[in-house]
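Listed in order, the protein sequences are those of chains A, B and C. If you're matching positions, the first sequence starts at 487 in my numbering and goes up one per residue. If you're matching positions, the second sequence starts at 11 in my numbering and goes up one per residue. If you're matching positions, the third sequence starts at 88 in my numbering and goes up one per residue.
There could be a bad hint or two in this list.
[What the hints assert, rightly or not] Residues on chain A that point at chain C, a partial pick, calculated with CB under 7 Å:
1) Asp565
2) Ile566
3) Leu569
4) Leu608
5) Gln733
6) Tyr738
7) Pro747
8) Pro749
9) Asp750
[Claimed, not checked] Counterexamples of contact, computed for chain C against chain A with all Cβ distances above 12 Å:
10) Ser129
11) Asn172
12) Ala188
13) Arg284
14) Glu330
[Claimed, not checked] Straight-line C-alpha distance at most 20 Å; calculated EDC-like pairs for lysine to aspartate or glutamate:
15) Lys16(B) to Asp662(A)
16) Lys740(A) to Glu288(C)
17) Lys90(C) to Glu288(C)
18) Lys740(A) to Asp272(C)
19) Lys16(B) to Glu642(A)
Keep in mind that the hints were calculated from the coordinates and are not lab data. Heads up, the beta-carbon is just placed ideally off N, CA and C, and yes, glycines get one too.
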Amino acid sequence: MSDILLEARGIEVSYGGGRSLLGPLKPALRVLHGVDIVVKRGETIGIVGESGSGKTTLGRALLKLVPISSGSIRFDGRDISALSDEAMRPVRRRMQMIFQDPMASLNPRQSIRTILTAPLFLHGLASSRREADEQAAAILARVSLPETVLDRSAHELSGGQRQRIGIARAALLKPDFVLADEIVSGLDVSTQAMALTLLKDLSREMGLSVAFISHDLSVIRAVCDRVYVMRLGRIEEEGPSASLFEQPRSDYTKLLLDAIPLPDIDPGWLARGQDSTMKRGERA
Amino acid sequence: MADLSKTLNAILREPRAATSCCFLLLLVTLAIFAPALAPRDPLEQDLMLSALPPAWIDGAEPGFLLGTDDLGRDIFSRVIFGARIALIVAVAASFFAAAIGSALGLIAGWYGGWADRIISRLIDVWMAFPPVLLSVLLVAVLGSGLTSVIVAIAIIDWTRFARVVRAETQAQAGLDYVTSARAIGFPQGQILMREILPNVAPVIIALISLQMGISVIVEAILSFVGLSVSSDIATWGGMIASGRQLINESWWVLVFPLIALFLTVLAFNLLGAGLRRALDPVMRR
Amino acid sequence: MTKPVLSVEALSALSARNGTYVLSDVSLTLQPGEVRGLVGESGAGKSTIAKAVLGILPSTIRIAGGWIRFEGDDLLTARPSVLRNLLGRDITLIPQDPQTALNPARRIGAQLTDGLRLKLGMNAASARARAFQLMDEVQIRDPARVFDSFPHQLSGGMRQRILIAQAFAPNPKLVIADEPTTALDVTVQKEILRLVRRMQEAHGTAVIFVTHDLGVVAKICDSVTLLYSGHVIEQGATADLIERPRHAYTRALIAAGPRYDRPGQGLQPVPERVFADLRKEIGQRETADV
């Protein structure tokens, strides 16, 4: 068994384009330009970048939620880039996703019970209501939510509770790989720490591989073993967390790190790095 | 069922929607039990009693609450029997229009591509026809009668549902809970029925209520031009048509069916707006 | 001691919906030229204070007591005509979302000169000249093009610059910045922070900077007011609060934020005990009020 779980090579994704019924050919907008990415078993990688870097598109391309125009994705040694919906289904159980906005990612018309148990039935992990309920209750206990939330719907929970449901739903199917897309950017610092710790503990217990997408380098540093820095649809720099954060090679990574306001008194911070950032601002 | 009672509660909390609901329930009761509740046979003519004014005006005869028309038929009884036709058309036509329109709207909105292009063009073409003219034409082709009226309205008004449901489906399909269902591996059809349809349903239900109001008006228009049911059945449109000629001598022949029509359509519209708010799980809080 | 620009005294506000306090006994004073951070998690009441000063509280919140004095005059009891004169001239706002704060159907130039003509009575030519001067101040390199652009033709950072120019245009005494960088990327955020600080220093303006980010506070604020659930938990000079926090909640908040330079530290969830103590403290304060 190779120690590589997920391997994507030369991923390109374009939006739009094609010919409308009447009217001229519209040029496609390419948002990823040949991205290579590798996730080892049990490893948490970080994908970081600013808006427009393509990090969210890359994540969704890895799960085949957006079509790729070129490149290949191998999951557990098998090429999944050409699989049909039908053939993807068993693979889908092993690749799960946690979303940025837990409100939007939980169906407002379903109870938490339905949201948690329906995937179990779909993938044949439960054969009776009782079995499914037991598994749902067990995972709720693991994310420290009372069993009573089963009969609630998403809008009756707080932001932090909803995000724990999001994490529980992903963990419930016992996947090998989880994509976490900006999962704490809408949360307060106190709730954010709780969600990150939970994800970290779960991935260790279950031996999960995680791809953690965020715009926040401090959050990435706290949970990731290895980091990809993205910019304008390309990988700008890649490396183990320790070296990337302590000795960044790319100027862009340095710029990003320097722009983060840490809660320290540092009177010189505001004036530093003026020239390089000014140029970027002017161009827009 | 807890959901149903919650919805009912929410509707009853809104005074306008609750009043509309009560009015429509009263109307339905009157329509169903028309033979028992109407004081007279709506078709019984008596030229000796023609053009009697309503009960509170000088020269009225006891027993004719809203007066009589030029043939001496009791207006109150005719309004009650007219509600039967109005409601049958409202319910049946709206149901069929909703079924056709929602199905096409869901397909176009969810699957996109060629299905969407064909359905969208069809809607555009359909909506370019003047609706009243189209309904008159359709009834002329299908022959008059209750069924033709219902079919004509459904064939014309499905576009209203298709357009709105398509847009709403597209909006829902862009939300993360749908992406989540795809990531879990649910088949496309299941996502459409299990995830999206329940979230589009409130819009459909509210539209059905509005469509019922519109159907009542279209039926009245068709009766008015004599293309609905045969003239020996009392309809509001038919009454308005005959009352129009008597407006100078006996205004009540025109006014009472008009009021019935107005109140019914208003009630459907208010109920539709109330339902929309009541059925939204997020807005309900 | 100079006369404060703004002093909020014992301000309380109630939610009209359920009668709970959204602000309770909030007091803070702001000296001319001071940058004050209002910081707290969601529901802390930081935006409510900003809205109360601007007189734009939603109808669901009503003031239950206290004063908001601007250069000594109470804004809460001021006549509408007096308020209209103050707002937009002496007190201005930098809004949160640069995407929606500009009218998409009107050109930047028109939106930038509106306030100058209305509030300062400038004619078209001098308002235009002043607009160009302002765009130069916020370092817009190509002012002629921007002046004739529509908002959607500019980047988010560029739009935020326009909003900052707009806020400082009438030489106000107080600018209220309501999370002006929350929607921006970090690199753009830094430029905007730098710009706010420079404009504020050049014009000698006092600024209320609403944010949820203690890091942002540390970088641009002279003083901080930390709120929780409508109560002032701790306030004082920024250096004191960040480096020598007195309250357990302040310490816990600082510890909860992860930081890229100290991987071992941070990410400690705020202990339940801290929240329990906070709720107890707040309960005691509220009953003491009555």
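Consistency of the hints with the structure:
1. Evaluation of the Asp565(A) hint against chain C yields a violated restraint, the C-beta minimum of about 35 Å exceeding 7 Å.
2. For the restraint placing Ile566(A) at the interface with chain C, the shortest Cβ-Cβ distance is roughly 32 Å, beyond the 7 Å limit, so the hint is violated.
3. A distance limit of 7 Å between C-beta atoms decides the matter here; for Leu569(A) the minimum to chain C is near 35 Å, and the interface restraint is violated.
4. At a threshold of 7 Å, the smallest CB-CB gap from Leu608(A) to chain C is about 33 Å, leaving the interface hint violated.
5. For Gln733(A), the shortest C-beta to C-beta distance to chain C is roughly 13 Å, which exceeds 7 Å, and the interface hint is violated.
6. Here the hint on Tyr738(A) is broken, as its CB sits about 9 Å from the closest CB of chain C, past 7 Å.
7. With its C-beta approaching chain C no nearer than about 4 Å, Pro747(A) sits inside the 7 Å limit, and its interface hint holds.
8. About 4 Å separates the beta-carbon of Pro749(A) from the nearest beta-carbon of chain C, less than 7 Å, and the hint is met.
9. Evaluation of the Asp750(A) hint against chain C yields a held restraint, the C-beta minimum of about 6 Å falling below 7 Å.
10. Not every beta carbon of chain A lies more than 12 Å from that of Ser129(C), the smallest distance being close to 6 Å; the non-interface claim is violated.
11. Listed as outside the interface, Asn172(C) is consistent with that label: its C-beta sits roughly 34 Å from the nearest C-beta of chain A, beyond the 12 Å cut-off.
12. For Ala188(C), the requirement that its beta carbon stay farther than 12 Å from each beta carbon of chain A is met, with the minimum near 17 Å.
13. The claim that Arg284(C) lies off the interface is violated: its Cβ sits roughly 6 Å from the closest Cβ of chain A, which falls inside the 12 Å cut-off.
14. A Cβ of chain A approaches the Cβ of Glu330(C) within 12 Å, the least distance being about 6 Å, so the stated non-interface status is violated.
15. Straight-line distance between C-alpha atoms of Lys16(B) and Asp662(A) comes to about 41 Å, which puts the hinted pair past the 20 Å bound.
16. A distance of roughly 28 Å separates the Cα atoms of Lys740(A) and Glu288(C); the hinted pair therefore is violated under the 20 Å criterion.
17. With a C-alpha separation of about 18 Å, the suggested pair Lys90(C) and Glu288(C) falls inside the 20 Å cut-off, and the hint holds.
18. At roughly 15 Å between alpha-carbon atoms, Lys740(A) and Asp272(C) fall within 20 Å of each other, so this suggested pair holds.
19. The straight-line distance between the Cα atoms of Lys16(B) and Glu642(A) is roughly 15 Å, inside the 20 Å bound, and the hint therefore holds.
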